[in-house]
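As given, the protein sequences belong to chains V, E, X and B, one line each in that order. Residues in the first sequence are numbered from 1 upward in steps of one, following our numbering. Residues in the second sequence are numbered from 1 upward in steps of one, following our numbering. Residues in the third sequence are numbered from 1 upward in steps of one, following our numbering. Residues in the fourth sequence are numbered from 1 upward in steps of one, following our numbering.
Some hints could be false.
As the list claims (entries may be wrong) - Lysine to aspartate or glutamate pairs mimicking EDC-like chemistry, simulated, CA-CA at most 20 Å apart:
(1) Lys407(B) with Glu11(E)
(2) Lys407(X) with Glu11(V)
(3) Lys114(X) with Glu73(B)
(4) Lys261(X) with Asp14(B)
(5) Lys407(B) with Asp15(E)
(6) Lys43(E) with Asp272(X)
(7) Lys261(B) with Asp96(V)
(8) Lys261(B) with Glu77(V)
(9) Lys125(V) with Glu73(B)
(10) Lys44(X) with Asp14(B)
(11) Lys43(V) with Glu374(X)
Keep in mind the hints are simulated off the structure, nothing from the lab. Predicted model only: the values in this text are computed from it and were never measured.
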Amino acid sequence: MCLDLQALYQEIILDHNRHPSNFKKLDQANYVLEGYNPLCGDKIILYLSLHNNLIQDIGFQGEGCAIFTASASLMTEAVKGKTVEEARKIFKLFHDGMTTSKDNHIPFDKLSVLSNVKKFPMRVKCATLAWHVLKTMIDPVSDDLDK
Amino acid sequence: MCLDLQALYQEIILDHNRHPSNFKKLDQANYVLEGYNPLCGDKIILYLSLHNNLIQDIGFQGEGCAIFTASASLMTEAVKGKTVEEARKIFKLFHDGMTTSKDNHIPFDKLSVLSNVKKFPMRVKCATLAWHVLKTMIDPVSDDLDK
Amino acid sequence: MEMKPNAIDLVRDDFPILKTSNRNRPLVYFDNAATTQIPSQVIKAMTDYYIYHNANIHRGVYELSERSTLLYEGVRKKVQNFIHAKSDKEIIFVRGTTEAINLVAHSFVRQQLKPGDEIIVSEMEHHSNIVPWQLLCQETGALLRVIPVTNIGELAIDEYEKLLNARTKFVAIMHVSNVLGTINPIKQMITLAHAHHATILIDGAQAIAHLSVNVQDLDADFYVFSGHKMYAPTGIGVLYGKKKCLSKMTPYQGGGDMIEKVSFYALPVFADFPAKFEAGTPNIAGVVGLGAAIDYLMQVDLSLLRAHENKLVDYALSRLINMSYVRLIGQSDTRISIISFVVDRVHAHDVASILDVNGICIRAGHHCAMPLMERFNVPATARVSFSFYNTFSEIDHFLLVLEQIRKMFLCV
Amino acid sequence: MEMKPNAIDLVRDDFPILKTSNRNRPLVYFDNAATTQIPSQVIKAMTDYYIYHNANIHRGVYELSERSTLLYEGVRKKVQNFIHAKSDKEIIFVRGTTEAINLVAHSFVRQQLKPGDEIIVSEMEHHSNIVPWQLLCQETGALLRVIPVTNIGELAIDEYEKLLNARTKFVAIMHVSNVLGTINPIKQMITLAHAHHATILIDGAQAIAHLSVNVQDLDADFYVFSGHKMYAPTGIGVLYGKKKCLSKMTPYQGGGDMIEKVSFYALPVFADFPAKFEAGTPNIAGVVGLGAAIDYLMQVDLSLLRAHENKLVDYALSRLINMSYVRLIGQSDTRISIISFVVDRVHAHDVASILDVNGICIRAGHHCAMPLMERFNVPATARVSFSFYNTFSEIDHFLLVLEQIRKMFLCV
Ligand SMILES: Cc1ncc(COP(=O)(O)O)c(C=O)c1O
Ligand SMILES: Cc1ncc(COP(=O)(O)O)c(C=O)c1O
């Protein structure tokens, strides 16, 4: 298997695609948001059980490509049990890692596998969809145009 | 003066431009038609005094470029006193001479000077405007599309 | 008739991009339904235009502008001959299929619609042949009626017949599906529309490069297509309309060249078609490129090349049908060289990305045909679409990678 | 600052067409206001695009399409920087100025107009900035108000102030006149429009190649121009709109790429701008060419070249003013390198044809500004318009032929 391909579809991504973590509807969720990527047709519903600034539980449902599913799965693992501030920091690390043109990895253990997606710019949205839904849930207001 | 230029603005054309024949309003005209070339802004009103199939008198007014004015002037000279059938024939000789790609001249004495306009396709409409107005007056119906 | 291998090699030599690479692998271009590649003859025609003839058209009296105008208007004649229109005045240059359909919606259909009138489209249409009609229906109170698609991906013609009625004002149907590859029976559909006094537009975007089109024989009222799907550049397309339809149409965009007279004291006087619908400076080099593409297609042995395309698609289908993890979307026998499929448990985008890394360009997604995706209950499909410059060995390479994908996702 | 002769020679070398001929005489191209010529850098960028990167944009996941998409979207950033817009999302690619104005008329102004509302244009506008507003007024019952032009060819700003009132919904004004060369005081005019809560569009077709444009500094709501008047190809242009204006706009053409979701059971969900206004496959190579033209203009010494343009026009004016048989139409001092004139007793088309035979390309006619022709009571004018690649000796040649024309028509 060629190198680029190995980089994109690492075992960890294929694993999370086959058996995503926290792939469930959270009945006790107090925050629910849908996200959609019209390019791929990726769809997600993200559930948060958020109390006292703490992400006590998280779950997602949806369908999409392996990059999307693995990224959503990894994201839920990364923020579960974290405070909103911590989740914000993780989002920022992930976001910066995905958007800087430098080859640097996302400095957060398993998440680093996602930084390979950068070599495939048309797939970056697959990797970031779940994250942007999370971000909107914890930071509702942002002006896209002025970024 | 270069050859092409001599061909286009022959003395006879400059003459007719300066002193066009039949440049007058015909008060006794029984046919009057306006023509307009939006490309150049050339405008003409053509007057015919047409009785018993005979073009007894003809006149024109208008403004436009030298090619237009000379052509209108030469046209009035060519058809004045002619029957409608004869005018039709003259129109056809002129029209064929102006539209065939061959280098042949219009076989009708003075009119032949106009065949040089063919080398300047964007000016052909200047030379033909007055003629098309005449044609419409003597042959009102024609389907442009199927030509 | 056997395909001599060197005929295709010769054709491939005309397309410089086929010698380049994709992700550092030799390029295998299987996305011809999205856009076709450009032969050097067409590139040269456009470069020559910029180097020797570039000038604005129609209004200059000098030779340069005259040459530019004659080139531009000459292509109108070429298009006329290519689709067998009655007159070159029936050929209107637009940006592409999308603009052509919007133009007809705005300038022909809009003025005729009353609340309750009906427009018929099909479930397999491209968004560009759905959204303009939805917007128009919303504005006028007309209704959109939809011809369903059968399980094998054909139009249900009996349902079409039932939909046609006295309220049907317009029918808009694709000649060939960009997802299923199906060739629709448009001649029959045109006859049926006319029997109900409805006007009909054919979206020829996917047909124009693969089938011979004779608009007079078809009796199509409107026939539209894009240059970039027939070896010409993007940014240029054609709206063919019957004279009797064009002469009923209100202007589209207002501006230079579509006008005879402008004054603040009177309404504008419009030019006759085609100029009436070509406001402003058009894409002149694009038109020149379209003309060169037509010249190119006239100069190659098109029936040989089309036979080759058919063999490619037959071969690919015969192999795909035997792969248990591949499901074909669209199994009509009357088809062109487009194949849509889904791979068991693998999303189309992952399929496309893995092919991509192997140099193979295919399209994955909804192909601007979301209602059709709904119909087949898939979020997306993978699609390969062949041109005459594709080869059997490219298909073999593609099939090999498909097998790799199966292994990666299912059995690792 | 003296112009070193070789700076211009170097620039001329970039434009291959300048070495060709017109009617077998060396080409003297003085019709730059109609369309500018294309430097080889721009031609090469487009050829490279066809040879190395040609693919449809936005929807392919493979590398070729990714390259094509990045090129295309990269030009949006280049345009943003070139006109100093706040965001690249405010840049919409269209066919040209004409389409941009029609788009704004259809998608922004139309929905706001009630009978009795007013739109202000000027007497010097190009047809493309008149006809769309006339059509809109006819449809909605709004009224078109017209700023008059003074005898020297400037806008009567005091009259503009009087025209502005609470019913004024929209103002559409050209930055620079394509006939008179006059630079209008648009910054002041924008301020005045805003003081009356009117939105304003600036037609920058003739300004973009000759003046530095800063849309934020101007505070323009819309600013529109064509690529082919700034050394890029035809078929591509720009609509700049402020975010707050664009976000109020209804869709223009319906089709692929401008849509998020299509279903027969719900209304379409539109994409955000700019995609919302770019339905269908755009003119990709045209966009690439526009980007290359901007690169070109950034790379040359533009202030030197613009100073040269100004010297050319000053020189030509100083000579023409002394020719008794020449009447200048437009004598403003704030102007760019466009000069319109009429020759006593010689029709503009004859002037142009005789120049043509001598290799010199000028425009003659109404220049798509019939109301302005009426204003100055001329059927047509002759117009020369210079680019930085023109030379003093070309102007001398032109003046010599003018003298010949006088002899031919008046004294032979
Ligand atoms: C001032 C002005 N506005 C609009 C236009 C129309 O531009 P285009 O034909 O590129 O749409 C022109 C070009 O002739 C112009 O000079
Ligand atoms: C069937 C069909 N119709 C319309 C279109 C739209 O064509 P364009 O994007 O060139 O306007 C396409 C191209 O994707 C198509 O395949």
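Can you list which hints this structure breaks, lowest number first? When the structure is compared with the hints, numbers 3, 4, 7 and 8 turn out to be violated.
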